[in-house]
Amino acid sequence: MANWAILSGIEGNLAAYEAVLADIRRQRQPVTDLYIVGDLVGLRGDNEALVRRVRSPQPGEPIPQVCTGWWEEQCFSLHGLRGLPDAPELVDRDRLGTVKDLWEAVSRQTVLWLADLDFGFHELDCLLIHGSTVSYSDELTPETSPLTLCDRLIRADANTLFCGRSGLAFECWVEPSALQSTVTTLDQTAAPQEQGKSPRRVVGVGNVGRQAGQASYVLYNPGTNKVTFKQVQGSLAKGFGASKGLSHR
Amino acid sequence: MKLAVISCIHGNYEALNAVLSDIDTHRADQIYCLGDLAGYGPHPNAVVELVRSLDIPTCQGCWDEDIVEGLNACECSYPSQLAEKRGHLAHEWTNRAIHPEVRKYLATLPMTLRQDNLCFVHGSPNSQHEYLLPSMDGFAALERVLSAEADVLFCGHTHVPYLRELDNGTLSVKVQQPGQGETQHQFTAPLKRIVNAGSVGEPRHGRPNATYVLYDTDSAQVTLREVPYDYAKTCAAIIEQGLPPIFAWRLARGMEFAERADDPGHVCER
Ligand SMILES: [Zn+2]
Ligand SMILES: [Zn+2]
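Chains as they are written, first to last, in our numbering: chain G, 112 to 360; chain H, 16 to 285.
In short, the hints are calculated from the structure, not lab data. Keep in mind that a hint or two might mislead.
What the hints assert, rightly or not - What follows is a set of in silico ranges between Cβ atoms, one per label pair, in the way DEER data are often shown:
(1) 199(G) x 206(H): 36 to 46 Å
(2) 219(G) x 255(H): 49 to 59 Å
(3) 71(H) x 325(G): 54 to 64 Å
Cβ coordinates follow ideal geometry from the N, Cα and C atoms, glycine included.
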């Protein structure tokens, strides 16, 4: 039976990544697929060692499927590979010192490898992505307007959207229950159409490496459609049950 | 107050003149233009001069943007490869024909205009290149109106006019976070409307007549207008100027001929 582990925001934190891998190995139901939805690299960690570890899984470990995130896009921008030149988002956020730090934190060779990664993964009825299909920087949280969450799910064409940009762990079921739409053209006024539909959800997958000793990620069982939040403190793993009675399908 | 909203003139001077006369007879107090002054048609400079001389507040259209920025959109701007090729030819022609001060003017056009609870855009609040088709998912359409912080969103770009009313929008949300209890909330939206102004100079609703809309701010009444004009004159000028003859063919029929975007929701990121 499939069991996915979905991670984001490692930000070069190799120790945190190892702790999560250890936690994954401890799962009673073996993890069959490992997704990393962006921010593999960051400012403070050992990005080169982390990327090496991700690229060379040990025997028996699932092969990580990695897509790009906000920090990767900043690297592409700095290295003139895509997006706007000179990482204006990074400059805006953290001033020029950070630009120099990031330039030194990730080698060009690694940046070129990162540039070949996907933007996200469509698997079954799920989209796994860093931000959303609108942008890698699109930050979805439980506070995001329900209509925006609904729009991102429609754009994703998915029943579950797993994302990592906010770094938060959450499960947000959105039910667009009612909406009457009436279209009038030059030739006719069509009868009103009911646009309500069944619930879909946005899942924030937490972050592995932003805070020392505070890694979080999610497990997803496509068979039961259940999301489980995991927190890993150092070597201690703690599970949080989620979606009690929330499985709508 | 009576507003007239026009869009997508596309260098068609004849059509613009006819629409302006029609607006006169309806005694509109204010005209708004949703862009695409240039492209496809033979008289981009004359169209811009007329719009400027009348001080019509105008948003930047997708063609106006391309003339200013150069054609660096991804191929998503065109619904098919054939359309892309023709589009490139028209772009190059327009790019050569356009006067420097006209180009400068197009560069100054804003993405959005506002009046009270009304918002005016070319494609969508996100992009001049996004199509708000009447078949778009209702909640996605509602999101566009709300993201514009408006009650009525005026758009163009599809070249087919329509009014879409979105009423009683209701969403509920259940949130679960580790270590916290489940929270629930509900969101409701009052009546919101999308008004597509169609196209003055390159209509695609199946007839050659120019289209635009009238809006009464007091009664919130929307009137889709269809105005006949001497399209044969524009067609002749298209041929005479060496623009792709298919544009004349299409103009005379008000047709789209199977050039539909594969993914109208796709937004070109550049
Ligand atoms: Zn247009
Ligand atoms: Zn357009």
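We went through each hint and held it up to the structure:
no.	hint	result
1	199(G) x 206(H): 36 to 46 Å	holds, 39 Å
2	219(G) x 255(H): 49 to 59 Å	holds, 54 Å
3	71(H) x 325(G): 54 to 64 Å	holds, 57 Å
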